[in-house]
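Peer 1: Here is how the chains run, residue by residue.
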Amino acid sequence: MSQSYRLESGGKIDRAKPLSFTFNGKSYGGYQGDTLASALIANGVKLVGRSFKYHRPRGFLSAGSDEPNAVVQLEEGAYTDPNTRATVVELYDGLKAASQNCWPSVNHDVGEINSLFARFLPAGFYYKTFMWPPKLWMWYEERIRHAAGMGVSPMESDPDKYENLYTHCDVLIAGGGPAGLAAALTAGRTGARVIIADEQDQMGGALLSSHDEIDGKPAMVWVEETLAELATMPEVRILPRTTVTGYYDYNWLTALEKVTDHKGPGNGGDSVRQRFWKIRAKQVVLATGAIERPLVFAENDRPGIMMASAVRTYINRYGVLPGKEILVFANNDSGYLTAIDAIKAGARVYVADVRANPQGDLVKQAEALGVKIYRNTAITGTRGRKAVTGAEVMELNEDGTDVVGSHYSIDCDIIAMAGGWNPTVHLFSQSRGKLRWDEAATMFVPKEGVAINPSRSVGCCNGTMNLGAVLAEGLGAGVRAARDAGFGDGSAPEAPTATIVAEEPVRAMWEVPCHGHKKKFHEFQNDSTSADLQLATREGMLSVEHTKRYTTTGMGTDQGKTSNVTGLGIMAAAQNRGIPAVGTTTFRPPYTPQAFGAITGQNRRELFEQNRTTSMQPWHESHGAVFEDVGDWKRPWYFPKPGESMHDAVQRECKATRDGVGIMDASTLGKIDIQGPDSLQLLEMLYTNAWAKLGIGRCRYGVMLNEHGMIFDDGVTTRLGENHFHMTTTTGGAARVMGWLEEWLQTEWPDMQVYCTSVTEQWAVATISGPRARALLSELTDIDLDVDSLPFMGMTEGNVAGVPARVYRISFTGEVAFEINVPQAHGLHLWETLMALGEKYDICPYGTETMHVLRAEKGFIIVGQDTDGTCTPMDVGMDWIVSKKKEDFLGKRSFSRSDNIKGNRKELVGLLTEDPKIVLPEGAHIAAETDPKPAMGKYTKAAGHVTSSYMTPNITGPDGEGRSIALAVLRNGQSRHGETITVPLMDGRMVKALVTEPIFFDKEGERTRG
Amino acid sequence: MLTIKCPWCGDRDLTEFAAGGEGHIARPLEPATQSDAEWGDYIYTRKNTKGIHYERWMHAQGCRRWFNAVRDTVSDEFLAFYKTGEPAPKVEGDGS
Amino acid sequence: MVNTTFDVSKISPLDGMVPPVGGVSLREKSYVGKINLRGNVESGDFGHIVESVLGGFVPTTPNTVVHYGDLTIFWLGPDEWLIHTPEGGQGDLIDRLRAALGDTHSAVTDVSDYFVVIEMRGTDCRDVLARGCSLDFHPRSFVADQCAQSHFSHANVLIHQINDTDFDVQVRWTYAQYLWGFLAEAVENMAA
Amino acid sequence: MANPKSKYSIFSLVRNALSYHEGWEAQWRSPDPKSAYDVVIIGGGGHGLATAYYLAKEHGITNVAVLEKGWLGGGNTGRNTTIVRSNYLWDESAAIYDHAVNLWENLSQELNYNVMFSPRGLLHLAHNVHDMQEIQRRGNSNFMNGIDAEMLTPGQCQQLVPFMNLGCRYPVMGGVLQRRGGTARHDAVAWGYARAADALGVDIIQKCEVTGFDIENGVVRGVQTTRGNIGAGKVGVVTAGHSGVTAEMAGFRLPIESFPLQAFVSEPMKPVIDVVVMSNTVHAYISQSDKGELVIGGSGDPYISYSQRGCFDQVEHVVGPVIELYPIFSRVRMMRQWGGITDVTIDRSPVITKTPVENMMFNVGWGTGGFKATPGSGHVFAASLAKGEMHDIAAPFAMDRFHTGALIDEAAAAAVAH
Ligand SMILES: Cc1cc2nc3c(=O)[nH]c(=O)nc-3n(C[C@H](O)[C@H](O)[C@H](O)COP(=O)(O)OP(=O)(O)OC[C@H]3O[C@@H](n4cnc5c(N)ncnc54)[C@H](O)[C@@H]3O)c2cc1C
Ligand SMILES: NC(=O)c1ccc[n+]([C@@H]2O[C@H](COP(=O)([O-])OP(=O)(O)OC[C@H]3O[C@@H](n4cnc5c(N)ncnc54)[C@H](O)[C@@H]3O)[C@@H](O)[C@H]2O)c1
Ligand SMILES: Cc1cc2nc3c(=O)[nH]c(=O)nc-3n(C[C@H](O)[C@H](O)[C@H](O)COP(=O)(O)O)c2cc1C
Ligand SMILES: [Zn+2]
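Chains as they are written, first to last, in the working numbering: chain B, 1 to 1010; chain F, 1 to 96; chain Z, 1 to 192; chain Y, 1 to 418.
It is possible that part of the hints are untrue.
As a list, the in silico DSSO-like pairs of lysine-lysine whose alpha-carbon atoms are at most 30 Å apart [said to hold, decoys possible]:
#: 1; chain 1: B; residue 1: Lys135; chain 2: Y; residue 2: Lys291
#: 2; chain 1: Y; residue 1: Lys34; chain 2: B; residue 2: Lys519
#: 3; chain 1: Y; residue 1: Lys34; chain 2: B; residue 2: Lys258
#: 4; chain 1: Y; residue 1: Lys354; chain 2: Y; residue 2: Lys34
#: 5; chain 1: B; residue 1: Lys128; chain 2: Y; residue 2: Lys234
#: 6; chain 1: B; residue 1: Lys840; chain 2: Z; residue 2: Lys10
#: 7; chain 1: B; residue 1: Lys128; chain 2: Y; residue 2: Lys270
#: 8; chain 1: B; residue 1: Lys258; chain 2: B; residue 2: Lys96
#: 9; chain 1: B; residue 1: Lys282; chain 2: F; residue 2: Lys83
#: 10; chain 1: Y; residue 1: Lys270; chain 2: B; residue 2: Lys263
#: 11; chain 1: B; residue 1: Lys282; chain 2: F; residue 2: Lys90
#: 12; chain 1: Y; residue 1: Lys354; chain 2: B; residue 2: Lys902
#: 13; chain 1: B; residue 1: Lys128; chain 2: Y; residue 2: Lys69
#: 14; chain 1: B; residue 1: Lys128; chain 2: Y; residue 2: Lys354
#: 15; chain 1: F; residue 1: Lys47; chain 2: Y; residue 2: Lys234
In short, the hints are calculated from the structure, not lab data.
In this text, all values refer to a predicted model and were calculated from it rather than measured experimentally.
One chain only, chain B, in its complex shape (with noise of 0.2 Å):
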């Protein structure tokens, strides 16, 4: 029989439903309701994985999402998931599955060789060496790294679908054991809406391994009694393999729902893979139960060395005895829970007790059930390389600090350790709550929490062993939690009788005693021994923090859920102080790794984020245009004919747009509708000039500074009426501006009467420009475009290719321009008749490059390009914006700083290179001295650096053809105009370059007015 380890008949495994799966090349059979854990213990498998420093061998230690060990490499190729615990995995056909951190095998681990200086590699072994020589520390690291970490990443993109969703409840119960069910029915009948999860595939919790009663019958019969009303509830969502990954504040609280990872890789249809829950809850319940702790002996991390619950869990519910002869190591009566059940499943079962003579119910069952109890007695060594063959045991003394006599060896193919309890309070302590240490039960419990995130703990997580008990807090949780949620009046049930055993107190004993210096491990991951602890006491780290990250303990995939306690323990009596003064650290989510996919959800690829488009877009798109991300908008960049280069396309574009028509789409920038008596003195203080006199009708640009005095935006706002302006602002500004306005006139100046509204989207906005411009536009409107009548900076209303429109004789090209508005659903219909009757005026459209080299031609600044936020309006040459009567704006104080009136400011200035052909780059920085050959590292002062910078087909340097030029700030730039200059290149070129005013064409601006 190959599953040889599979019991004849029991657990929750459905026999007629056999599966096959493969581990680490090798077939094997297991059935549906298995863990891959479960199916490897029923076929014999114990050595899973290596340990992550010293590659020992490691097995199963428990059976859930505690497991430090058997952690193994799920899948291969797009779907491989590294550092899966084996325990959680539902097994499913096909499956395939390898042990991580080992080469070339499990079996044979070339690793393992640091098992024998085990000894030279104390914890923070590596804070100490690898020094010297110092070059070689980059050699060292690179072998640190390969020997370090344990699976191996994905290296394909993952096919999986995720998607993550919101919800909200009156009551959250985190755990579907007993107490968590007690406490989903009390609060469900109340109407409230209740959502229970628990990380398992089934519900009931310890339930699913016990042999418990409740009311007379099995326990599991009122699991199935509870679900089965709960399900009659429309309000109640039950999750089942859903983990509640993290406690955030405000009873905020995520879960990740694996849906369909128990099929299998590629099996779940349509379905997400997982889902990630956002749960806001009004109240939560936490029904967490609790963790077994391992007992720390020597040599306690070989294979088969496991928690006495997880044996029974083996035992009861995947119907598999893990060995035949098994040792349960105890300090408390629960282990012997499992050497009952162990020997009524057909092991020969042994007990060590470290207590000096206990009598309990359980002991006195398990003895006559034919159990060899040792009592007052310690493990204090074990034999076996890859599996645990044996353990050597021997007498405690009176204290329990030492052993005393001599030794004798049992044979045994399992351990089951029994160390006592940890209450599951990883969530509560997420949620701000603090723990107090229980010290007769030895274990945290949750003491008080914080008003912010009301939640109530019951059943293991808080202490409660006792299954009566348990139910007795559920049934009381859930009544309480729904009626501060508005629901019920409070009152629980009567609660159902259950099994009562008389236990008798556990005997605390965080360090095993033995002889010489063998290895006892707390932390099984990250191999971690008491020895470790001790050195770091020594070594100084007397914080728990320290102590934490000096010997990485509780720093694994597991986050320390079996360690964490007994490591405590270690380092109290190594600080000579109790467990409280040690204190535990900082539980921090996620519960259980989550993976970033899920928490992503629908949140990729083309929904990652939006890409904002105007409604020339078809059009754009179907003409080749090559885009450029502005913000979150596609911007049309330039317009390549076939064959063209960027380089091309832009040069074509710059020049046609001169000698004729260009047109472009300037529908992004932002737009805000501003109304009301005092929209003037709004203005007045936003930005730097003054608007009293502007007519309406009229536009004018302005700048707007924030509080520091630095430009931030730029625009051209329009007068509609007396009280009615229209501003534009950039398109990557408009939502600071529109924020910016709202908050100055909400909360410094109420009193003020405007409204401001954003219209970005209503209009859509093609801009026409160049010398045929006119010509063109008065084929589709009958609006009078006579200079006289529609004048450079006006604005005027009519209809222009059928559609309601306004007209503004706005420039930022230096061309004669129109800015046509049309509300945006006609916006492609503007554009393509513009584009038909353009035809015969060889109409060029063009895109942002095109813009930018036009407008450097003529000197105007890009906001954030050729400013940087340093920058006030002066040194961009601006005084003249800059109102000088105005008595306040925002930033004008600023200005008068004494960093600002020092003088030796940078300043806007244009460039032309001595070689015409050479287009400095962008960001290449302006030596301060003019030494013709200066070394890299000289200018330890840069004296400025190159913002924009283009090569143009208008401006034609002395062969006649186009010249490059540039615009740059320069220290006292404005009258430095004539000079000669420097710029080093990073590929050390030195180039000369004239520095210029800032405008290269059409000075006096007669093209435009025209």
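With chain B's structure known, arrange chains F, Z and Y with the ligands on it following the hints.
Peer 2: Quick look at chains F, Z and Y with the ligands alone, frame taken from chain B:
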């Protein structure tokens, strides 16, 4: 995830709001008369209180109104919400 | 020479978007007229003047919707409302509002093309909305003719519950395709 | 009194192994505070410890105490994403961060403590034309300042990170690489400085919170602490997240606000990404620690908080771009998530300064990006404290810049500074 009570829309997720920093900072009425130090303090200097903090929020993805709140910056518990222009409520534990 | 015979066409960002197959149907409600209205209902005549034009008072309970004839009026803020009119009806209504308001401090702005409205119909609307919006749409918390501005993933939205099951979602023009894609994927994921 | 320590080396490791490591001494003592010190440093983070070390080492001032309210290195030093680089835009910043990188390069040997400084290269990505202009400007500025910078094409970026999705929503248009940038082991930095300072006689006093100052006629005379009053000739305040609180105690305010900044790690994996990659436009940065976890961070929460935690939306804002840029990490799992308190100035540059109180200097405001400066900051601050005058490199960072307007605005041109 903080829950913030917009005085108009009620409890909403933090994600709908823009934080506005310290509240009740009035812009000097006559900036021109301010010394460099006074002006610098107005623009840049903040109480940065550890404890009870009077601050501004804006319901950016909702009704777009600014309002004020009192929050303990250690526990992150909101102690009060009030509209712009209303006087700051006195809350328990505020020593200032 | 002015050409006067333009074949004027309109487009929407949702033209050609494929509706998903599943528990919720998506459809664009095309070319609704939309007016943003600002004013102070707490002092002065604004409220009554507007009432006389609209045929009823603007809603003053936050996040509610009223209907007068073929007008639907949404509360957006304590001094801000959105009016939906039938296609093309906004121009006339803006004129009438402005004329009636005269010098009363107010703002009346055409935002018909600023927004797009997506109709969501079907029993799963709440679950679809939950896939991007943090509001609580449970029938106990959100009822017919309630509205709310919020976000759906990265998009600002105005969500309006129509009846027990159906919702309208209004979104900015340039976010409409993104929102549609998101809603459609949510519908399809739920159906899978 | 000096405290000679046995040297760390492979030999001492072997020697101690033979005695089962029973022979290692404490890396630093845990002394009770003396009644007075020549210099009291407040804040036992990397910067405070480095300051104490250089005071003792370079200025012979060994009667020094470092007072730490919690455990040393438990502030931002112990919770940062460990990115080290010096490719800052402005000359003043470049000077101080490059001073630090120069010290990083020999720090393990200097301290006899392996701080695992790993100059594996730091790549900034550009995702749009504006980004390209920004990185080119910065690269050129670095070039002028003698700081290494290489402009990379998208293809060259791909070579460094073969699985990077160049064609993502905001396509990768290029990058700038600082090869001397990289990471260091955060805890080791605090511990290494602590051990070395302790060896020179510095008292490191943990669980000692400063609650007030004794100031007479504008001169600081000592500090009040949870472990009693301690006299001080000079006081250096290096309290990162709590700089507002300490300034308030001293009677003045700073242009600083304390914001949560969160980070997280994945489960450990075999080496998969060999450089540090930062992406300002999409606000995410990533590296892989020597232990194998992906270490990931982004931008801070927008409201002030002293709770060392933030809200989950910031995590979502970071995970989204990470998956967009590196789709292979979709199935990889987040293992732990945490937050720190960052003291952020308006110009994203630190405040290293004399104060209105005589003999009291502050070195704070490093915000979201001061880990990389640790050695340089401690070095120049120690010199400033020792001489009573600000070191040349520190001088531009004085707090009066917020009055004069001489900001060193690293925020203005680039979006984030980590
Ligand atoms: C998530 C995150 C990521 C980051 N990533 C990077 C990065 O990649 N690269 C980078 O360069 N920087 C990064 N930083 C910033 C960096 O961590 C900090 O700038 C740097 O560590 C500050 O060091 P410090 O020594 O000044 O402060 P800290 O290490 O915070 O030390 C200050 C100490 O002062 C103590 N203290 C405060 N008040 C008192 C008092 N009253 N009495 C006594 N002691 C007191 C505190 O307890 C604390 O230990 C990051 C920060 C965070 C939070
Ligand atoms: N003898 C003892 O000392 C002892 C010890 C342990 C348990 N028990 C028995 O165990 C039962 C305890 O009942 P209970 O309900 O308190 O605990 P439980 O262990 O039965 O249930 C807890 C459940 O919570 C789930 N869970 C834990 N963390 C979770 C998370 N973050 N998200 C989702 N699910 C999570 C677990 O999968 C488990 O199903 C009782 O029957 C008790 O008698 C007894
Ligand atoms: C660079 C770096 C790497 C880390 N790696 C791990 C890790 O491998 N495992 C782990 O559990 N935590 C890791 N942490 C997080 C710490 O456990 C801890 O969360 C962090 O130092 C903040 O402290 P706190 O959570 O105790 O407040 C790492 C932190 C940093 C800064
Ligand atoms: Zn609101």
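Peer 1: The structure should be examined with respect to each hint, and the outcome stated for every one.
Peer 2: Results of checking the hints against the structure:
1. Restraint check for Lys135 (chain B) and Lys291 (chain Y): satisfied, since their Cα atoms lie roughly 21 Å apart, inside the 30 Å limit.
2. Between Lys34 (chain Y) and Lys519 (chain B), the direct Cα distance comes to roughly 41 Å. Violation of the 30 Å bound is thereby established for this hinted pair.
3. At roughly 58 Å between alpha-carbon atoms, Lys34 (chain Y) and Lys258 (chain B) are farther apart than 30 Å, so this suggested pair is violated.
4. In summary, the hint linking Lys354 (chain Y) to Lys34 (chain Y) is supported, as the alpha carbons are separated by about 25 Å, within the 30 Å threshold.
5. For the proposed pair Lys128 (chain B) and Lys234 (chain Y), the alpha carbon gap of about 34 Å is over 30 Å, so the pair is violated.
6. A distance of roughly 25 Å separates the Cα atoms of Lys840 (chain B) and Lys10 (chain Z); the hinted pair therefore holds under the 30 Å criterion.
7. Pair hint Lys128 (chain B) plus Lys270 (chain Y) holds up; C-alpha atoms about 23 Å apart against a cutoff of 30 Å.
8. A threshold of 30 Å between alpha carbons decides the hint, and for Lys258 (chain B) with Lys96 (chain B) the separation of about 18 Å falls inside it, so the pair holds.
9. For the hint pairing Lys282 (chain B) with Lys83 (chain F), the CA-to-CA distance comes to about 25 Å; that is within 30 Å, so the pair holds.
10. For a cut-off of 30 Å, the pair hint linking Lys270 (chain Y) to Lys263 (chain B) stands: about 27 Å separates their Cα positions.
11. For the given pair, Lys282 (chain B) sits about 27 Å from Lys90 (chain F) by alpha-carbon distance, which is consistent with the 30 Å threshold.
12. Annotation: proposed proximity of Lys354 (chain Y) to Lys902 (chain B) holds, straight-line Cα distance about 23 Å (limit 30 Å).
13. Only pairs whose Cα atoms come within 30 Å are accepted, and Lys128 (chain B) paired with Lys69 (chain Y) is accepted, the gap being roughly 27 Å.
14. Proposed proximity of Lys128 (chain B) and Lys354 (chain Y) is contradicted: the alpha carbons are some 37 Å apart, above 30 Å.
15. Our distance criterion of 30 Å between C-alpha atoms is met by Lys47 (chain F) and Lys234 (chain Y), whose separation comes to about 25 Å.
In the structure shown, a violation is registered for the earlier hints numbered 2, 3, 5, 14, in ascending order.
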